[in-house]
Amino acid sequence: MEVNLNCYDVLALDLDGTIYVGDEIIEGAQETIYKLRSMGKKLLFISNTPTQSRIDTVMKLKKLGIEAAIDEVLTAAYLTACYLNENCSDCKVLIVGEKSLIDECQKLGIPCTNNPLEATHVVVGLDRTFTYETMNRAMQAVINGAALIVTNPDPSCPVAEGQFVADTMAIAKAIEVAASGKITAIVGKPSAYYASKMVELLKCEPSRCLIVGDRLETDILLGMHLNIETCLVLSGIAKKEHLAISSIQPNYIINSIKDFIL
Numbered sequence: 693m694e695v696n697l698n699c700y701d702v703l704a705l706d707l708d709g710t711i712y713v714g715d716e717i718i719e720g721a722q723e724t725i726y727k728l729r730s731m732g733k734k735l736l737f738i739s740n741t742p743t744q745s746r747i748d749t750v751m752k753l754k755k756l757g758i759e760a761a762i763d764e765v766l767t768a769a770y771l772t773a774c775y776l777n778e779n780c781s782d783c784k785v786l787i788v789g790e791k792s793l794i795d796e797c798q799k800l801g802i803p804c805t806n807n808p809l810e811a812t813h814v815v816v817g818l819d820r821t822f823t824y825e826t827m828n829r830a831m832q833a834v835i836n837g838a839a840l841i842v843t844n845p846d847p848s849c850p851v852a853e854g855q856f857v858a859d860t861m862a863i864a865k866a867i868e869v870a871a872s873g874k875i876t877a878i879v880g881k882p883s884a885y886y887a888s889k890m891v892e893l894l895k896c897e898p899s900r901c902l903i904v905g906d907r908l909e910t911d912i913l914l915g916m917h918l919n920i921e922t923c924l925v926l927s928g929i930a931k932k933e934h935l936a937i938s939s940i941q942p943n944y945i946i947n948s949i950k951d952f953i954l
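Just so you know, we're using my numbering here: the sequence shown kicks off at 693 and counts up by one.
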């Protein structure tokens with residue numbers, strides 16, 4: 693079924709797999725964003741990435757020819773810092789993750805430590821320099837009673853030429869198993885926390901919003917939780933064969949975001 697954009701005032705657009713894959717923009721994405729803005733649509737860029745701050749995302753989009761304001765962007769790194777700030781008073785956080793996650797926590801004044809015996813929380817995001825030593829330190833903190841917080845539930849992430857790389861949940865599960873512990877909270881899509889922050893920014897009736905993304909278990913499920921209609925793009929993780937065996941079903945299916953302007 694064709695998407696009638698006149699039915700929507702706001703489009704919440706996933707990024708990796710929807711607007712770009714890795715560092716390569718998806719064909720037609722730049723033109724589509726321009727067209728949507730020219731139609732007066734409000735846009736919100738929603739990402740589960742823990743390796744980009746909001747400003748990192750704005751700069752990446754700009755390099756790809758897409759203008760975005762910082763208050764149009766949600767990332768798992770930023771929202772994890774918000775979650776800690778709002779829900780974990782007097783915390784001391786051991787971070788397994790990259791600079792953007794650390795930066796977002798520092799901006800909100802979240803106390804951090806590398807000492808597993810001091811940590812009240814272990815926060816796990818994608819860490820592309822993850823080592824045995826890192827896992828062991830996080831494991832010790834969890835065994836010592838630290839809560840295990842995960843930035844996003846993605847086990848893998850699409851990269852160029854149809855390939856994939858391991859994502860946050862692969863690392864988080866290694867720590868969880870090593871510590872014989874249990875993940876306390878997952879911040880990213882489709883969590884209730886992510887949904888609440890998205891609703892705050894949308895300021896729109898759910899019936900006038902559309903979520904566009906490439907993952908059934910995050911983007912599409914988020915829409916189902918919020919009673920917001922969804923559009924699955926087949927340019928990232930999910931493929932038609934996944935739809936046949938999943939209970940999570942989008943309202944629309946398109947090959948890629950450029951189909952909006954064809």
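Source of the hints: derived by calculation from the structure; they are not laboratory data.
Among the clues, some could well be false.
[What the hints assert, rightly or not] Here are the simulated distance ranges between beta carbons:
no., residue 1, residue 2, range
1, T805, L935, 41 to 51 Å
2, E759, C804, 30 to 40 Å
3, N777, M731, 34 to 44 Å
4, N807, M731, 44 to 54 Å
5, K784, A870, 40 to 50 Å
6, K784, N698, 26 to 36 Å
[Said to hold, decoys possible] Capping the alpha-carbon separation at 30 Å, the derived lysine-lysine pairs in DSSO-like fashion look like this:
no., residue 1, residue 2
7, K950, K865
8, K889, K727
9, K752, K874
10, K755, K784
11, K895, K754
12, K752, K791
As the structure is a computational prediction, the values presented were derived from the model and not from experiment.
Note that CB positions come from ideal geometry on N, CA and C, so glycine has one too.
Here is what the structure says about each hint:
no.: 1; hint: T805 with L935: 41 to 51 Å; in the structure: holds, 44 Å
no.: 2; hint: E759 with C804: 30 to 40 Å; in the structure: holds, 33 Å
no.: 3; hint: N777 with M731: 34 to 44 Å; in the structure: holds, 36 Å
no.: 4; hint: N807 with M731: 44 to 54 Å; in the structure: holds, 53 Å
no.: 5; hint: K784 with A870: 40 to 50 Å; in the structure: violated, 21 Å
no.: 6; hint: K784 with N698: 26 to 36 Å; in the structure: violated, 51 Å
no.: 7; hint: K950 with K865; in the structure: violated, 36 Å
no.: 8; hint: K889 with K727; in the structure: holds, 26 Å
no.: 9; hint: K752 with K874; in the structure: violated, 34 Å
no.: 10; hint: K755 with K784; in the structure: violated, 36 Å
no.: 11; hint: K895 with K754; in the structure: holds, 25 Å
no.: 12; hint: K752 with K791; in the structure: holds, 15 Å
Going through the hint list in order, the structure does not satisfy hints 5, 6, 7, 9, 10.
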